[in-house]
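Starting from the known structure of chain A, arrange chain B on it as the hints suggest.
Chain residues, written in single-letter form:
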Amino acid sequence: AQSVTQLDSHVSVSEGTPVLLRCNYSSSYSPSLFWYVQHPNKGLQLLLKYTSAATLVKGINGFEAEFKKSETSFHLTKPSAHMSDAAEYFCVVDNYGQNFVFGPGTRLSVLP
Amino acid sequence: DGGITQSPKYLFRKEGQNVTLSCEQNLNHDAMYWYRQDPGQGLRLIYYSQIVNDFQKGDIAEGYSVSREKKESFPLTVTSAQKNPTAFYLCASSRSDRGHRNTEAFFGQGTRLTVV
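Chains A and B, in that order, are what the protein sequence lines are.
The first sequence runs 9 to 120 under my numbering.
The second sequence runs 279 to 394 under my numbering.
FYI, nobody ran anything at the bench for these hints, they're computed from the structure.
Some hints could be false.
Across the chosen pairs, the derived CB separations fall in these ranges [claimed, not checked]:
1. A/A62 to B/K361: 41 to 47 Å
2. A/L28 to B/T357: 40 to 46 Å
3. B/Q319 to A/K66: 47 to 53 Å
4. A/A62 to B/N304: 27 to 33 Å
5. B/S358 to A/L15: 36 to 42 Å
Every value quoted in this text rests on a predicted model; they were computed, and no experiment measured them.
C-beta atoms are modelled at their ideal positions from N, C-alpha and C, and glycine is treated no differently.
Just chain A, same shape as in the assembly (with noise of 0.2 Å):
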């Protein structure tokens, strides 16, 4: 099975600053991987997705990700935080098309 790891657990930025939320997966193919938002009590929002297109991905309100192969990896980033982009994030793999495999979640804080 396909496996996703979320390096930081907590991340806090101030408002207007870079966003920096690190993924690696672990796959033994190049498998569709998704970022999603999710805040309190809500369900998971889409963020932006990468299914062997171009390799940097453009999502909703200014996030991005770029897809390496040869690191794994798959980090989402902003150039610069708002207040409302606090919350929690997961990286998701797809599990060879059967159903999604989460990372564990990072919470972004946003100082102001």
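For chain B alone, kept in the frame of chain A given last:
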């Protein structure tokens, strides 16, 4: 509007009781999933279904049961055998090529189950 509807939003259960969580989708997706979320943890897969009348156990299926009699519905029953059922439960659906890549999953708003 297309989407996934979970009900109820909050559910309280007495110990020893079975409860059923509802999940309905009108996205015409073949695949549906149930995940459990506990504080500070990611989502863990309970059951999934790639097609009507067929479903598979996920990583933490013990104490849970499901059915998939209709494409749009995938109810989850939390049985009395589940020792620690208090959690946030999320239902999702996706288009699937079964054995190939999944498209993205669409999630409901979740059901928070509390054992009292």
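How the hints compare with the structure:
no., hint, result
1, A/A62 to B/K361: 41 to 47 Å, "holds, 46 Å"
2, A/L28 to B/T357: 40 to 46 Å, "holds, 43 Å"
3, B/Q319 to A/K66: 47 to 53 Å, "violated, 29 Å"
4, A/A62 to B/N304: 27 to 33 Å, "holds, 31 Å"
5, B/S358 to A/L15: 36 to 42 Å, "holds, 39 Å"
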